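**Student:** This is what each chain is made of:
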Amino acid sequence: MTGGGPLPLGLFATAGAGAGQISPLLWGLIWLSVVIAVLIALAVVVGIAIRARRERDPKLVPVSRSGNGLPLIYGGVGLSILILLALTGWTVTVIAGIAKPSAPAAFSVDVSARQWWWAFHYDDPDSGKAFTTANELHIPVGQAVAFNLTSPDVIHSFWVPALGGKTDVIPGQTNTMWLEADKAGVYRGQCSEYCGQQHANMALYVVAEPAAQYASWRTVQAAPAKPPVTAQTEAGLADFIGRCGNCHTVRGTPARGDKGPDLTHLMSRSTIAAGLLDNAPGNLAGWIAHPQGLKPGSLMPDIALSGPEFEAILAYVETLK
Amino acid sequence: MSTTEYERVPETASLADDPGLPERLRVLWENRPGLYGWIASVDHKSIGIRYLVTSFVFLLLGGLEALLMRIQLGQPGEHVLTPEQYNQLFSMHGITMIFLYALPVLSGFSNFLFPLVLGARDMAFPRLNAFSYWTYIAAGLFMYSSFLLGAAPDDGWFNYAPNSLKAFSPGPNMDFYALGMIFLGISTMVGAANFVVTVLRMRAPGMSINRLPILVWGTTAASAGILLSVPAVSLAFFMLWLDRNFGTHFFNASADGLPLLWQHLFWIFAHPWVYIIVLPAMGLVSDALPILCRRPLVGYTLVVLATVLTMVLGFGVWVHHMFATGLPLVASSFFSGASFIIAIPSAVATFAWIATIWTGRPVLTTAFLYFAGFIVMFVVGGVSGVVTAAVPADLQLTDTYFVVAHIHYVLIGINLFGVLGALYFWFPKFTGRMLGERLGRWNFWITFIGFNVAFLPMHLTGLMGMPRRVYTYPEDLGLGAVNLISSVGSFLLAIGLLLFLVNVALSLRKGARAPDNPWDAPTLEWATTSPPPPYNFALIPLIASRHPLWEDRLQEGSGRSVLDRGFTLDHGKEALATTVLDAEPDVILKMPADTVTPFVLTVMLSAAFTALLVQSWWMLALAGMLILACIVAWLWPKRHLLQIAAAGHG
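These protein sequences, in sequence, are chains H and A.
If you read the first sequence in the numbering used here, its first letter stands for residue 266, the second for the next number, and so on.
If you read the second sequence in the numbering used here, its first letter stands for residue 264, the second for the next number, and so on.
Any given hint might turn out to be false.
[Claimed, not checked] Pairwise CB distance ranges, derived in the manner of DEER restraints: (1) A/Val-575 - H/Pro-369: 21 to 29 Å; (2) H/Leu-335 - A/Leu-524: 56 to 64 Å; (3) H/Asp-322 - A/Asp-281: 45 to 53 Å.
[Unchecked claim] Think about it this way: if two alpha-carbon atoms lie no more than 25 Å apart in a straight line, the pair counts; the simulated SDA-like pairs of lysine to any residue are: (4) H/Lys-365 - A/Met-585; (5) H/Lys-324 - A/Leu-491; (6) H/Lys-324 - A/Lys-429; (7) A/Lys-429 - H/Cys-512; (8) H/Lys-324 - A/Pro-433; (9) H/Lys-524 - A/Pro-433.
Keep in mind the hints are simulated off the structure, nothing from the lab.
On a predicted model such as this, the values are computed, not experimentally measured, just so you know.
The C-beta atom is built at its ideal place from N, Cα and C for all residues, glycine as well.
All chains, please: the whole structure from these sequences, using the hints.
**Tutor:** In structure tokens, the structure reads:
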């Protein structure tokens, strides 16, 4: 799953209010830069073409204080100053525009960025409806959502290019930002501050969906996991609690670890390992068997499981819809 | 020896009066033969060449690191390097290029050229100069020795805390970097102090500050910047080392330290540093380009003011590296504005170069080609800098490959292309041989095309959203093609640089002998032989204009510089100090003889830093005592150096 067409992180098309406001300034600056660079390159090349001497030996060309070049400096610098002042004004205007969403945020999500995955906590006044999920955010289309960004380890940066600019996630402080999706879709995000060995594999997805769909997603996510129904998945739950439960939570079971992602509704997510793999049965099995081979340095260790243990845990995890 | 020896009015002569003078000076100034002479040399020319050669070795090492990374990134999902290997390589690539190549290569030029363009016999502090070189290479080796343990720094050259703290980096990687940078800071600081004092006091009589070549302005502005900025980073690395080893919590958020404190301390150093490693290169181009256009630089005074202004403003823009850190928007707006403003002095220099081409008669030597390429890439790096100065655009672009493209247009475009052009230009003076022009053209075009094929597409890679510092990327991000192009370009660039080295090797052996002034240039280094004699100038020149060797042709002013008659200063190893603004003769300086003390002191310092690294306190105590002994030996009053009082104005 990638989302966002052929260039999921590209800045060419926007799908959110913040990115939409930034885009004209960004591309205005880019095209202005192209024009200036081309003009200056032409000035150099044409100057050489017109003025260069055939001789390749400077000793053969007499020295003189010829011509008056100062007007070129004054003119060029004067024009540059006007352009730069105009750009400063434009920039400050856009800064003011993206500081806040046009309407107050509908709700906020607590983002906890960790080496090397994302925890998203959806709070709710009714604690039974609050829940935590990982690596896949859902937001309603057309509503601004606020984010409170914290990190328990190192600095990360929260970035969903199609929706808006990035904000660093810094331990010891809570940064805030907002995103608003204009249209339904799946948008890729990525940690964009170097955060250690697996910085490259720290992606996330934002699923923007119509309000009703979003509401039903939220209901599903808030519910605890369904109890296992077969003998194998029952054994799997027991093994899961023993072998995985120190790090992972499955709500409704004694597995309450918080070092790794909450897996209560793992099978509702489209990727695993922070966007590294599609959430397909083979990938999930491979990941549980040998995470260090797929994501070296990941904080999920290779755990020696017996064949039946492995099968049971896999079977149980696949029930976490 | 009495004080009158320093107060005497020096003898004035011409070589016709005193034909034996050059030989007498040679005996006084020449390095001793053999290994001892090599280690003991304090000659600024030997030290300058060593800086150049050593920095090029580091350039090759950094380049090899880059090529390995480009192989890994050439295809999505490559497995040539492990993530840890990649992270060590990208970190050491940055550290190498920014600290061990970019400034030292310019120090090489400045060391060699300063006394020559100023009409002096050596730098103000020759022993300190040798010490600066030895500590540079020692600090470089110290940092590189981390590879032997497989524990090179792996948190990038910017080394953000808390990822650099023990909790996340338990190995010695960061200790190598922290101590290595403090060590290197010693080299950088003493080198900068030496340049500043040399400029203020060692100019030939009559070389008032409005007659200085731009390269002197560039290096002096950069040196002043070093003196103000390097302490911040030495302190930051010291605090980091304490955090890692002694339980302080400057940057440790889990104990109420501030991770952002590191970023402020680092960038208030590292942003000025960017200007420190380009201003001297811009100075080299501002001096050499007009000579190849057969006219004086257009707008000398404006370019000088722009140089100084850039360095000053360079201290006011560091927060533009931190726009995404959640700082208040008002603060970001201020630094955004400052970052736009700093483009103005760069525009001054750009238009001055273009005006010089348009009003001159360019002679298309290889050096000229490099300078022309330099101007274009300077502008590309400049405008992409302006794009990222706009906070909202930066929030999208920061930490993407767009910034990788930007920094390489700045550092390769301005530093490396300026340096390569300047090497074609000054190689005859350095070595006495011309650097081959035919191979030079191939070298230029392959380097220029390779560089642009490698880095121009990276702007696009960034706009496609590729984050920096990732060891791999999945295929479905659509980044494979642009990365492959960049990888191919990087190998082309490497071939171009290899051709340069081949050209150097061939030219050193078979190149045409260089005359004193092969480019018919106007400044003092071309008034002496190629390569210059150990004493630079037998007669101290008297300067009357900015272009001593072009005066008659330019009809500049009424006075004329005097080069064929001047102070002989041959009562031992002597040089002349002049007054700060007007360069009037002030006092005779007794210059130190060759000495191994700077080298021995460096060895002891290396031992001390190694002791700190392994935390061996008895070894540190021993090294500390030996360091003190070296310093005492260095400062011990020597009869022939007794400088009792500043003498009356001669």
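**Student:** Broken hints, numbered, in rising order?
**Tutor:** Of the numbered hints given earlier, those the structure breaks are 1, 2, 3, 5, 6 and 8, listed in rising order.
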